[in-house]
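Enquirer: Sequence:
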Amino acid sequence: KSTEDSKPGTTIMPIIVLSDKTQVTLFCNKAAYPVYITIGNLPKDIHNKPSQRGQILLGYLPTTKLEHISNKAACHCTLADLFHACMSAILLPLHRLGVEGMEMESGDSVVRRVHPIFAAYVGDYLEQGLVAGGITSLSQLTGREHGDICYILLGLIIDMRLPNGLSSGPLVRAVRALMDFLYLAQYPIHSDESLAAMEDALQRFHDNKDIFIVLGVCTDFNLPKLHFLCHYLLFIYRFGTTDNFNTEYTERLHIDFAKEAYCASNCKDEYPQMTLWLEQKEKVLRHEQYIQWCENSRPPLHTINPIHFKHARHIHMSQYPSAKAVPFKRLAEWYGANNFCDCLAHFITQHNHSRASCRELEELSALIPFAFHTVSVYHKAKFWENTFSLYHHASDDYDVLYVTPSRLDKRGYEIPG
1 KSTEDSKPGT
11 TIMPIIVLSD
21 KTQVTLFCNK
31 AAYPVYITIG
41 NLPKDIHNKP
51 SQRGQILLGY
61 LPTTKLEHIS
71 NKAACHCTLA
81 DLFHACMSAI
91 LLPLHRLGVE
101 GMEMESGDSV
111 VRRVHPIFAA
121 YVGDYLEQGL
131 VAGGITSLSQ
141 LTGREHGDIC
151 YILLGLIIDM
161 RLPNGLSSGP
171 LVRAVRALMD
181 FLYLAQYPIH
191 SDESLAAMED
201 ALQRFHDNKD
211 IFIVLGVCTD
221 FNLPKLHFLC
231 HYLLFIYRFG
241 TTDNFNTEYT
251 ERLHIDFAKE
261 AYCASNCKDE
271 YPQMTLWLEQ
281 KEKVLRHEQY
291 IQWCENSRPP
301 LHTINPIHFK
311 HARHIHMSQY
321 PSAKAVPFKR
331 LAEWYGANNF
341 CDCLAHFITQ
351 HNHSRASCRE
361 LEELSALIPF
371 AFHTVSVYHK
381 AKFWENTFSL
391 YHHASDDYDV
401 LYVTPSRLDK
411 RGYEIPG
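Here the sequence shown is numbered in UniProt numbering, starting from 1 and rising by one per residue.
Rather than coming from a laboratory, the hints here were simulated on the basis of the structure.
It should be emphasised that the depicted structure is a prediction, and the values quoted were computed from it without experimental measurement.
Any given hint could turn out to be false.
Said to hold, decoys possible - Calculated cross-link-like contacts (lysine-lysine; reagent style DSS-like; alpha-carbon spacing at most 27 angstroms):
| id | residue 1 | residue 2 |
| --- | --- | --- |
| 1 | K283 | K49 |
| 2 | K44 | K283 |
| 3 | K21 | K44 |
| 4 | K268 | K281 |
| 5 | K410 | K380 |
| 6 | K44 | K225 |
| 7 | K259 | K65 |
| 8 | K30 | K72 |
| 9 | K380 | K324 |
| 10 | K329 | K380 |
| 11 | K259 | K44 |
| 12 | K30 | K259 |
| 13 | K268 | K21 |
| 14 | K324 | K382 |
| 15 | K49 | K259 |
| 16 | K21 | K281 |
| 17 | K283 | K259 |
| 18 | K49 | K382 |
| 19 | K30 | K281 |
| 20 | K21 | K72 |
As the list claims (entries may be wrong) - With beta-carbon atoms standing in for the labels, derived distance ranges:
| id | residue 1 | residue 2 | range |
| --- | --- | --- | --- |
| 21 | I415 | S376 | 14 to 24 angstroms |
| 22 | K329 | L153 | 21 to 31 angstroms |
| 23 | S376 | E248 | 35 to 45 angstroms |
| 24 | R238 | E279 | 30 to 40 angstroms |
| 25 | F328 | L153 | 25 to 35 angstroms |
| 26 | G165 | I69 | 45 to 55 angstroms |
| 27 | R238 | C294 | 39 to 49 angstroms |
| 28 | D269 | K65 | 16 to 26 angstroms |
| 29 | G147 | K65 | 29 to 39 angstroms |
Don't be surprised by glycine CBs; every beta carbon is placed ideally from N, CA and C.
Given these sequences and hints, build the entire structure.
Expert: In structure tokens:
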């Protein structure tokens with residue numbers, strides 16, 4: 001804000017730095033610690049996709065364990081100092097450029113005065129330094145599995161009997177408020193109503209959190225992560241939704257920038273070879289894009305407007321149908337699909353005459369002839385409704401449509417389809 005006020009007309013470029021340690025070999029315990037960089041000016045649909053190359057490799061951090069330092073506390077402090085020294089050296093040029101600015105040419109050939117300002121660091125090193133392993137012994141858990149665990153937490157405690165005849169009401173309200181805050185914070189798009197709901201959920205948790213002290217779960221709430229919940233709303237206002245800073249995006253980048261690069265080396269003094277291989281690969285990909293652009297008669301570059309992005313519904317079905325050649329008459333008897341022919345004719349007419357009125361659609365539907373009398377039936381279909389009225393975190397979030405024919409139960413009673 002101070003830069004925009006003092007230098008009107010300048011372009012602010014928020015710098016987002018990501019890092020995550022990964023194993024590059026199954027044996028020998030060799031690891032790589034890549035650091036990636038992206039900018040907040042890119043639409044979320046682009047910089048969250050590795051194929052769009054919205055994130056680039058910035059460097060590699062040392063992965064030494066400093067085993068020659070026998071004192072464990074001194075070793076941890078030295079590792080932390082080494083990490084901060086390396087990150088300070090990497091981000092040092094941003095300090096001067098963020099204040100003074102620099103001229104940059106964008107894709108539309110317009111030169112702008114840009115101020116690259118370090119905005120966010122996405123990583124798990126600081127959390128590992130404070131809490132190692134957490135309260136659970138589970139390991140190798142994915143984000144989806146953590147989400148599945150959260151689904152059952154409220155059901156586990158809703159009828160729990162507390163000691164000394166304590167009421168479970170405050171415990172249920174506290175856990176429910178925390179779960180509400182967790183899921184609201186993961187929305188890909190926020191409004192004033194959703195942010196107000198987040199604030200209300202956090203306040204409800206603070207109103208009922210004393211039950212954990214009464215039960216002896218903890219003695220106080222001086223937890224860094226718990227305190228950080230108070231800053232979520234401010235950070236969402238300033239930096240956007242929380243899925244912009246998800247460490248899951250770096251997992252796919254490890255394949256291209258760490259594991260494949262390591263396999264291309266001779267596994268000895270690998271970092272100079274990895275950086276050289278990645279530099280050559282980047283040049284080849286850039287030249288390949290230029291060749292494709294020339295072969296397509298050099299179409300003009302268009303400006304991407306995230307407001308105009310289309311989030312169309314898409315459906316996934318099995319390759320083979322569950323039932324083949326089902327007659328029209330059986331559809332009503334087995335599946336309860338009454339008036340199937342009329343609905344199919346109306347759909348075909350509406351697809352071919354999208355601008356027709358309702359009366360015209362009815363008249364044209366009556367003229368549709370059917371040269372077939374059987375159809376294939378699929379008993380299961382997955383569809384992704386990419387609206388933002390509810391939270392859709394990943395491609396695994398979908399709805400399933402089930403269809404079952406009528407059948408007889410064990411007692412011989414008919415169960416309708």
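Enquirer: If any of the earlier hints don't hold here, list their numbers in rising order.
Expert: Numbers 22 and 25 - these are the hints that the structure violates, sorted from lowest upward.
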